[in-house]
Amino acid sequence: MTTTAAASKPARIFGSGIRRREDPRLLTGTALYTADITLPGMVYAAVLRSPYGHARIRSLDTTGANSAPGVLAVYTGADTEGVLQFIPCAWLVPNADLKVSPYRALAKDTVRYVGDAVAVVVAESPQQAVDALDFIDAQYDALDATVDPELAARAGAPQLHAEAPGNIAFHWTVAGGEIDAAFKSAEVVVRERIVQQRLIPTAMEPRGIIAQYTPATGELTLWNTTQNPHIVRFIMSLVTGVPEDRLRVIAPEVGGGFGSKISQIQGDFIAVFCAMRLGRPVKWIETRSENYQGTTHGRDHVQDVELAATRDGKILGLRCTTWAGMGAYLSTAAPGVPTILHGLMLSGPYQVPAVKEEVYGVYTNTTPVDAYRGAGRPEATFMLERLIDSLADEIKMDPVEVRRRNLIPPFANGHTVVTGLTYDSGNYQGALDKALGHINYDALRREQKEARAKGRYLGIGVCCYVEICGLGPSQVAGAVGFQGGLWESAIVRIHPSGKVHVFIGASPHGQGEETTFAQIVADEIGVAVTDVKIVHGDTESTPMGWGTYGSRTTAVGGAALAFAARKIKDKAKLLAGHLLEAAVEDIDYSDGKFFVRGAPDKHKTIQDIALLANVAWALPQGMDPGLEASSFYDPPNFCYPFGTHVAVVEIDPDTGHVTVKRYVAVDDCGPQINPVIVEGQVHGGVVQGLGQALWEEAVYDTTGQLITGSLADYAIPRADTLPDIEVLSTVTPSPHNPIGVKGVGEAGTIVSTCTVYNAVIDALEPFKVRSIRMPLTPERVWRAMKTKG
Amino acid sequence: MKLSVTVRVNGRTYEREIEPRLLLVHFLRDVAGLTGTKIGCDTSQCGACTVLLDGATVKSCTCLTAQADGCAITTIEGLAKDGQLSAVQEAFWSKHGLQCGYCTPGMVFAAHAIVSTIPNPSPEQIRHGLEGNMCRCTGYQNIVRAVQLAAAGGNAS
Numbered sequence: 001m002t003t004t005a006a007a008s009k010p011a012r013i014f015g016s017g018i019r020r021r022e023d024p025r026l027l028t029g030t031a032l033y034t035a036d037i038t039l040p041g042m043v044y045a046a047v048l049r050s051p052y053g054h055a056r057i058r059s060l061d062t063t064g065a066n067s068a069p070g071v072l073a074v075y076t077g078a079d080t081e082g083v084l085q086f087i088p089c090a091w092l093v094p095n096a097d098l099k100v101s102p103y104r105a106l107a108k109d110t111v112r113y114v115g116d117a118v119a120v121v122v123a124e125s126p127q128q129a130v131d132a133l134d135f136i137d138a139q140y141d142a143l144d145a146t147v148d149p150e151l152a153a154r155a156g157a158p159q160l161h162a163e164a165p166g167n168i169a170f171h172w173t174v175a176g177g178e179i180d181a182a183f184k185s186a187e188v189v190v191r192e193r194i195v196q197q198r199l200i201p202t203a204m205e206p207r208g209i210i211a212q213y214t215p216a217t218g219e220l221t222l223w224n225t226t227q228n229p230h231i232v233r234f235i236m237s238l239v240t241g242v243p244e245d246r247l248r249v250i251a252p253e254v255g256g257g258f259g260s261k262i263s264q265i266q267g268d269f270i271a272v273f274c275a276m277r278l279g280r281p282v283k284w285i286e287t288r289s290e291n292y293q294g295t296t297h298g299r300d301h302v303q304d305v306e307l308a309a310t311r312d313g314k315i316l317g318l319r320c321t322t323w324a325g326m327g328a329y330l331s332t333a334a335p336g337v338p339t340i341l342h343g344l345m346l347s348g349p350y351q352v353p354a355v356k357e358e359v360y361g362v363y364t365n366t367t368p369v370d371a372y373r374g375a376g377r378p379e380a381t382f383m384l385e386r387l388i389d390s391l392a393d394e395i396k397m398d399p400v401e402v403r404r405r406n407l408i409p410p411f412a413n414g415h416t417v418v419t420g421l422t423y424d425s426g427n428y429q430g431a432l433d434k435a436l437g438h439i440n441y442d443a444l445r446r447e448q449k450e451a452r453a454k455g456r457y458l459g460i461g462v463c464c465y466v467e468i469c470g471l472g473p474s475q476v477a478g479a480v481g482f483q484g485g486l487w488e489s490a491i492v493r494i495h496p497s498g499k500v501h502v503f504i505g506a507s508p509h510g511q512g513e514e515t516t517f518a519q520i521v522a523d524e525i526g527v528a529v530t531d532v533k534i535v536h537g538d539t540e541s542t543p544m545g546w547g548t549y550g551s552r553t554t555a556v557g558g559a560a561l562a563f564a565a566r567k568i569k570d571k572a573k574l575l576a577g578h579l580l581e582a583a584v585e586d587i588d589y590s591d592g593k594f595f596v597r598g599a600p601d602k603h604k605t606i607q608d609i610a611l612l613a614n615v616a617w618a619l620p621q622g623m624d625p626g627l628e629a630s631s632f633y634d635p636p637n638f639c640y641p642f643g644t645h646v647a648v649v650e651i652d653p654d655t656g657h658v659t660v661k662r663y664v665a666v667d668d669c670g671p672q673i674n675p676v677i678v679e680g681q682v683h684g685g686v687v688q689g690l691g692q693a694l695w696e697e698a699v700y701d702t703t704g705q706l707i708t709g710s711l712a713d714y715a716i717p718r719a720d721t722l723p724d725i726e727v728l729s730t731v732t733p734s735p736h737n738p739i740g741v742k743g744v745g746e747a748g749t750i751v752s753t754c755t756v757y758n759a760v761i762d763a764l765e766p767f768k769v770r771s772i773r774m775p776l777t778p779e780r781v782w783r784a785m786k787t788k789g
Numbered sequence: 790m791k792l793s794v795t796v797r798v799n800g801r802t803y804e805r806e807i808e809p810r811l812l813l814v815h816f817l818r819d820v821a822g823l824t825g826t827k828i829g830c831d832t833s834q835c836g837a838c839t840v841l842l843d844g845a846t847v848k849s850c851t852c853l854t855a856q857a858d859g860c861a862i863t864t865i866e867g868l869a870k871d872g873q874l875s876a877v878q879e880a881f882w883s884k885h886g887l888q889c890g891y892c893t894p895g896m897v898f899a900a901h902a903i904v905s906t907i908p909n910p911s912p913e914q915i916r917h918g919l920e921g922n923m924c925r926c927t928g929y930q931n932i933v934r935a936v937q938l939a940a941a942g943g944n945a946s
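Here the protein sequences come in this chain order: A and B. Quick note on our numbering: the first sequence kicks off at 1 and runs consecutively. Quick note on our numbering: the second sequence kicks off at 790 and runs consecutively.
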């Protein structure tokens, strides 16, 4: 069939929805997660945790546990004091009077949340370790607890830390424009108290660690459920004193993170301490219930928000006070979430002339919070999108029309907003139009009207968003107190046979970059995608990288990779010129072939060149052997993906049950390397946001008991509670990224919560309901209908 | 006290002395060394540990090893034959029905149960059949598509 072969040009691999190479090992049970690894001589740790939200430890007697079957050792805070440094907070937001209170791997004297680690047992089997916990005699004197961030900041609230009077961990302000004047001149002001309830990330794989210490060499090796092995090495070195060059961190298969595997938690340090004391490999794997107490939570804001506008729907200003619950201690990235990742995005995709937000970070007797998918941006998006719907209601204007009147016009290369950020590129109207056209908005409004006449309550929510991701640049990271860099690096090495090894510092854990990154390399240098192997997740073999979070791996790590591949191509061109006896300026490249311009039959493939570069028999004068390049990429700006989502809900007036009937997502993350993977990210992101709107909440009682302490009590979305997500996209490249890409991991979560929430409030318009506390459970919706808000 | 059990897993017979309290999932992972079966919770909600016991799907965290005495178990390691993925596994791969992979072994068996008991399942039937298995990555949509594909004998688009 030579005719078709001659006519067909190979489809570009960049942009192709090829199947993931990760999947066969995951589908056959051969992938190894941390819990699946067993080392010779391994022993097992189990952690005793505080059953009190706030208490003094009166006494701690471990003798019973010490003599229990199989037990090798029992340690308490008295053993780790002075040996392990405090668990560091790594986002020291400046100009915020930040008070970092000591966070110990094992508590000393006082426990401050249910789950605070008190003691550890190490035994020959995991069962023996857990059994022996019952023989530790721990006596406590309960103290008054405080769990709500706004109440904890009030005078007279129980105090957590002497270092932080009034429980205030920090007070941060963002302001731009003339906010007082905006409110003075406003024709309309709408106000709302928004509770961004506390959530539990719930990656399906709980956290865990294996720590192996070799006294003879002083080397410590960790297998850890982490999103950022290089940061683990850095932090673990600081806390344990083991030099970074003796510390190896392996992130084996990692079963999701959503932010909950960024920080280093008590169990990690405890296991390392035990391994170093005992000289035997120690494994610690948390149970789900332990995960809910001892790994990080997310959100937990109380926000008082007001929006100033004109009667014709022009936004003049947004002002708010936010109490952001931090939990009992400041986790790794916690202070940056409700400040830098939140407050700087207050104006969203709109022309907002003035904003001001005061954020109080508040210590409470709860599990520490940290980043959770979206991290700060869902809380900002919700604020603005909710208030715009309130404004529309107030001035009797269609909420879409209000949005149209305020959206920033399309821009291709930079738009500076009131908070000082410069968005990279955007076409917000384009996404809005596409979403409305797809769902036929006008017909939907007519349908809603007809349904209401028949006693059916349909609601429509339309939300626009822009988010900040692709975190760096590093200079900005430093300026905002992030205690690390935000660049990425990659090494591309071509073997003599033309096969390609790629080593990256980022650490994907379900997102599929082993596939998408191979697509980038294949596209850049013209090898088959199957000839590219991506290596990640081991500090001993991969170059430095700051980790996979903030939708940054493709935007930053992928860019590093593209630049490394381009260096390879540059060297290959030099070699091709040498081999073809032509000037390098006369060498062209197409589809994996380097040829003399005008004479495509006179060519060398990348494989030919790889062999010649590696054997190095006849290199040009002064050229190094090998075909390998490394690249460090520090982005010049963040990326700003955007889009419009639409939800259609129906409410059962008898039960208050919300059914999401349709959900349309139009997202713009720039050019898509693998659209199938992008669609999967949108599905998962949207559904997590829906979870917040409708079902999820970490509930504490007033004494600090976690009421939703297991998967039997905490309601994550299930298959039978969800609609199909209709996924569409627009493509607006980022001007500063070498492959134009933005991020897509968090977008769905950032906007879907408010989209569904607005749809529910819209459905309840006949009841004059303006606000319901999330999650929108049937009971809450039903009560709101009964009390008319 | 030790208990003597004989359990057949993926065609191989394991005769072992075990603690009576040993859960089947721990037997599979720690005794048989088959770590493909995952543990995602401690309250029998998540379904990551789902396996086949005498052909029926069970959450192996909800079953004592003693209850599986004399039974035949299939775990995720036993599903592919001669290096060929099963129709359900293949469909998950084709439809991007997995991301981090942690729920996948259990999810594959939940899907297997739907495909083998309901001819031409509707999306609603599939979603109902998956409700005992939790996934945090995919939003389930591509899992539903995978089950549809597998149910159609791998021929549906």
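Since the hints were made in silico from the structure, they are not lab data. Just so it is clear, the structure is predicted and the values come from calculations on it, not from any experiment. Misleading hints may appear alongside valid ones.
As a list, the in silico SDA-like pairs of lysine to any residue whose alpha-carbon atoms are at most 25 Å apart [as the list claims (entries may be wrong)]:
no., chain 1, residue 1, chain 2, residue 2
1, A, 661, B, 791
2, B, 791, A, 70
3, A, 396, A, 306
4, A, 108, B, 791
5, B, 791, A, 72
6, B, 791, A, 396
7, A, 768, A, 617
(request) If any of the earlier hints don't hold here, list their numbers in rising order. (result) Violated: hints 1, 4, 6, 7.
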